[in-house]
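Chemist: Position 25 of the sequence shown, counting from 1, maps to 24 under numbering that gives the first Met the number 0, and the rest follow consecutively.
Since the hints were derived computationally from the structure, they do not count as laboratory data.
You may find that some hints are simply not true.
Here are the in silico distance ranges between beta carbons for each label pair [claimed, not checked]:
#1 36 - 59: 27 to 35 Å
#2 58 - 1: 29 to 37 Å
#3 103 - 138: 32 to 40 Å
None of these values were measured; they are calculated from a predicted model.
All C-beta atoms in this analysis are idealised placements derived from N, C-alpha and C, irrespective of residue type, glycine included.
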Amino acid sequence: MPVYVNNLQEKVEVPPELGETIERVANAVLEQSEFPGAEVGIVLVDDDYIHQLNKQYRGVDSPTDVLSFALIEDGEEEFFEEEDLLLGDVFISVERAQNQAAEYGHSFTREMAYLTAHGMFHLLGYDHNTEEERDIMREKEEQVLTGLNITR
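Let's have the full structure, built from the sequences with the hints guiding it.
Modeler: So this is what it looks like as structure tokens:
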């Protein structure tokens, strides 16, 4: 289960334990979704970096907390061997995560874990455009975090 965490920002300290937590969360999502051999990249960036990605790829001229870029479309998984499946990359704004943790009253680690799970489920085709989709996605995210004892 190769999960590659790459810290491209220097504005917020990312201790090694946080990188390990991110890997555990990503691997738990892959296990839950029955893609345990898939590869994924988790890229930690600052607000400026994610702002540019958001503007370029979504046409939204502001930073966001997490963006996912899937390398395969829904239904294409069957064309890949499990060990060759490269799902894509999840970009997380560490700055935004730090601010949201303070805003929501929980730890920075918990917020980073949540954003990792959220981005991973987007890679796997989940979305939250409707209330039903949002409820399904939130339930899956909470199952992963609770299973790893990462609580609010």
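Chemist: Could you run down the list of hints and mark each one as holding or not?
Modeler: A quick look at each hint next to the structure:
{"no.": "1", "hint": "36 - 59: 27 to 35 Å", "verdict": "33 Å, holds"}
{"no.": "2", "hint": "58 - 1: 29 to 37 Å", "verdict": "32 Å, holds"}
{"no.": "3", "hint": "103 - 138: 32 to 40 Å", "verdict": "19 Å, violated"}
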